Structure formats: C-alpha cells, structure tokens
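Those protein sequences? They're chains A and B, same order as listed.
All residue numbers for the first sequence refer to this note's numbering, where the first residue is 1 and numbers rise by one.
All residue numbers for the second sequence refer to this note's numbering, where the first residue is 1 and numbers rise by one.
If you are wondering where the hints come from, they were derived from the structure by calculation, not from laboratory data.
Note that the structure is predicted; figures quoted are calculated from it, not measured.
Hints are supplied without guarantee of correctness; some may be wrong.
[To be verified] If you want the footprint, here are the derived chain A segments under chain B, 3+ residues with CB under 8 Å:
hint, segment
1, 26 to 32
2, 45 to 53
3, 125 to 131
Virtual Cβ for every residue (Gly too), placed ideally from N, Cα, C.
In case you want the letters, here they are:
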Amino acid sequence: MTPHGESYVSTPRVGHFDGPRASGTLAERQAALVAALVAGAPDPPGFDPTRLAAARRALLRKRAGEAAKHWPVLAASLGPRWSAAFAAQHAGREPGGALRDGWDVARALRAELTADAARELRDREARWRYAGVRPPRPRRLRAALRTLAARR
Amino acid sequence: MGAPPAGEDRAAVDRGGSTADRRPGGPVASVRGTDAPDRPFAVDGVGVGWRPEIAGWVADVSDLGFCEVIAESIAPAGPPRGVVDLRARGVPVIPHGIRLSLGGAEPLEPARVAQLAACADVLGAPLVSEHIAFVRAGGREAGHLLPVPRTREALDVLAGNVARLSAELTVPVALEVIAALFDWPDDELTEPEFLAAVGDRTGALLLLDVANVYANAVNRAQDPRVVLDEILDLVPADRIGYVHVAGGSARHDEAGYYHDTHTDPVPDAVLGLLAHLVERAPGVPVLLERDGGYPPAAVLTAELAAIAEAAR
Numbered sequence: 001m002t003p004h005g006e007s008y009v010s011t012p013r014v015g016h017f018d019g020p021r022a023s024g025t026l027a028e029r030q031a032a033l034v035a036a037l038v039a040g041a042p043d044p045p046g047f048d049p050t051r052l053a054a055a056r057r058a059l060l061r062k063r064a065g066e067a068a069k070h071w072p073v074l075a076a077s078l079g080p081r082w083s084a085a086f087a088a089q090h091a092g093r094e095p096g097g098a099l100r101d102g103w104d105v106a107r108a109l110r111a112e113l114t115a116d117a118a119r120e121l122r123d124r125e126a127r128w129r130y131a132g133v134r135p136p137r138p139r140r141l142r143a144a145l146r147t148l149a150a151r152r
Numbered sequence: 001m002g003a004p005p006a007g008e009d010r011a012a013v014d015r016g017g018s019t020a021d022r023r024p025g026g027p028v029a030s031v032r033g034t035d036a037p038d039r040p041f042a043v044d045g046v047g048v049g050w051r052p053e054i055a056g057w058v059a060d061v062s063d064l065g066f067c068e069v070i071a072e073s074i075a076p077a078g079p080p081r082g083v084v085d086l087r088a089r090g091v092p093v094i095p096h097g098i099r100l101s102l103g104g105a106e107p108l109e110p111a112r113v114a115q116l117a118a119c120a121d122v123l124g125a126p127l128v129s130e131h132i133a134f135v136r137a138g139g140r141e142a143g144h145l146l147p148v149p150r151t152r153e154a155l156d157v158l159a160g161n162v163a164r165l166s167a168e169l170t171v172p173v174a175l176e177v178i179a180a181l182f183d184w185p186d187d188e189l190t191e192p193e194f195l196a197a198v199g200d201r202t203g204a205l206l207l208l209d210v211a212n213v214y215a216n217a218v219n220r221a222q223d224p225r226v227v228l229d230e231i232l233d234l235v236p237a238d239r240i241g242y243v244h245v246a247g248g249s250a251r252h253d254e255a256g257y258y259h260d261t262h263t264d265p266v267p268d269a270v271l272g273l274l275a276h277l278v279e280r281a282p283g284v285p286v287l288l289e290r291d292g293g294y295p296p297a298a299v300l301t302a303e304l305a306a307i308a309e310a311a312r
C-alpha cells in the first residue's frame, strides 16, 4: 500500500492526465508551464490540474523559506503565519528573488510590523533602493550610513 | 551486473558509444581521477551538503567522506572559510548547481556555466552536479526545479546543454533525478527509461537521489522499490556518480502528496530504499542534504549515523 492508502499500480506510466496536449516548441511549452505555475496563467492543456496546484503551493513554500533567510526577523515575527502571509502576497506573482519577495511582504504588512521587524525593514531600506517596481539596488555606502544614522 | 570495472576499463567505457552523441570539444573525462585509479567512485563514504547554517556541525563530523556546496551560493574567488577548511583537510567538495536549467530549451546562460566551472576549479572538485530539470522559461524564474517532458526532444536539449557545460569543465558531470509533483502529458518514456537515456545521450553520471525516487514513486502510486530496481536494471552501478538522501513529508500538503522538503527528517522508508540501493550498488557514496528546519547537532549526527548504517 502507498502512504496514501492506495494500492500500487503496475504500470509506471501513471501520473498522466488524459486530454489534449499543447502544441508549440518545447521552449514555448516550458514557458507556458512556468507562467501557469508562478504567474497566474491558465494551466497548459493535458496536465493534471490537481498536481499543478500542488506544485504551485510547493513553489510558494520554497520561495517563502528562501525569503525567510533574507528576512529572519520578519519571518520569525509572523511565526507559523509566515507561509500564509507570503502566499497571500505572492500567489500568481512570479519570483523576484528572495530579498525582493520578502520585501514585498514587509511593505504589505508595514502598518502591523513588530518593532523588530520594522527595524529590519528600515535596515534594508537604508542599504538598498527598492520602490516595488524594479529589483532592489544597493545604495552607495555613505548614503546608506547617513540614512541609517538618521533613522536610528 | 558484477563489480564495477577497474580504472582503465572505466575510462574505456567513458570513451565508448555514448560519447558519439557529444559535440566536438565535449569531455571524455573518466569519472576516476588519475590519483585514484582503482576506486570505483569519484568520492567515497558518507557526505553532507555544506550549508552556512550547519558549518560548525559539518566541521565536526567524524569520517566525513565528502561535501557538496551550492554552486550559486559561493564566490569562487573567496569560498566560505568552512569550505576552505574542509578542502585543507582533504575532504572532496562537489559544486552542486541548482540554477543552470540544463533541461531548458532556451540557451544556457554563459555566466552560470562559468560560475559552475570556476567553482569546480577553485575547489579542485572531482566532479560537478546539476539536475535533470529546468528552472526558467519565457523570461520567468520558476523558483525551483521543474521536470522536463520525458521525450526525445528533451533528450536532445539535455545533450546539447550538457555538452556546452562539459566543454568548460575538466571533470565529469553528474545529473540528478528530481522530485516532481506532476508529469508532462508529452511523456514517451518511463522515468527509469528516461534516466538511462539521459546517461546514454549526455555521457553524464547519474546523481541518484533515493528520496526523490521515493517521492516520485509514492506520488505516482508506484512501489518505490520496484521503480528503483527498474532504474538499477537500466543504469549500471558504475554510471552512478553518487547518491542523495534527504527528508520530506506529506504533512505539508492538503492533497496528501509527499514533498521532498529537505527540512524534515529522513523517513525510515527512504532509509530502507537506500539500504536496498547499496545492496545492488555496493560502496556507492551517499550524501545527506538538509536545507532548513535545522535540528540540534545531536539529531543531525544521529540521522547521519542512520544513513551510514543503511549504506554499509
């Protein structure tokens, strides 16, 4: 029996979802799949939607874990709610990198951050320039120190 | 199959039929370095994936056979102190790439190839590893490893990309079987058939992740041991570079799928599968991957001991 309580099947070709298949080059089909998994595009034809949904959740959880390493105080302040807060912010939005992904969560929750989490956000803002549109860019060192000193 | 062939025979195998598919300039490196002509594998024993969070624990592991570092996480010009110390002790370190997208139909990014090659050089690595997967397409990052369709077309892509990578390397490449929650409707081959074909077409070694074999099998309602046996029937033991073991769980998912999290303990069922693998491929090197949810050092030590026991 499998861990799901099902009997094992003899054919190794299960996991397929019967239906039409997408046309196009492999590059196009891969792009359509990534868009469906991370950017809110419709599922490509032929894939099992239940399994794609599970993959979508797994990708969000993976991103949340990586963002937590860049935003340890913020993640810790949310505790078990971190994954849900991350998913609420990022479901259907493609990855922007762990720093940016976590930053988006911090900005969305700015009004309710703990003092420590707010300090973590200020520290990032002192060192990086990020307005939510383009990827974060490092500020110049002297400007960063000035900003940090003024805010502390 | 019998015992793996001796070094000279192995080099001959590497120059054999599968290399016909490689492009000019591709590698014909033997898996065995010239410094170890009579060893069946490029590394030995039980290893650990080096991560900064557990660097202190890794440094204290007794009888550490080898390590892996995430290639994208280090600066080749200045690897982390803990990794440098391991190299100074003679512990082999394998750069493990996670973002090359070797299964991607779009061209490889030259800077990523150069990064992996530079890691291999600076670490004096016996081999490098990457995945049978793609991670980006159409200008979007997926954020994790995605499966390629098990088709002839995907084999062509992998063969071309591995040849481009290998042209920058002086050591062999091992390609890892990933954990995938879904399959492509395009699939023409079973996973064991596909893994064997990837080895034939690319000339790469197989990085056999038993936890991923387990995850894929249970999520497809297959018997993991049967699937593993099918892989080992098609992929000779001397084409296995090394083995990964990692933790996972079904508790994170409402649909009940088993997830290869690397943040949970290694389940007993995966240890049992490892023991079966080692029965069929004696002496295969085994590495524990842990990427978060780090337990106390004593728990990691016990887990590594259980892996070493299963791999004896």
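(request) Enumerate the violated hints, using their earlier numbering and listing them in ascending order. (result) Those not satisfied come down to hint 3.
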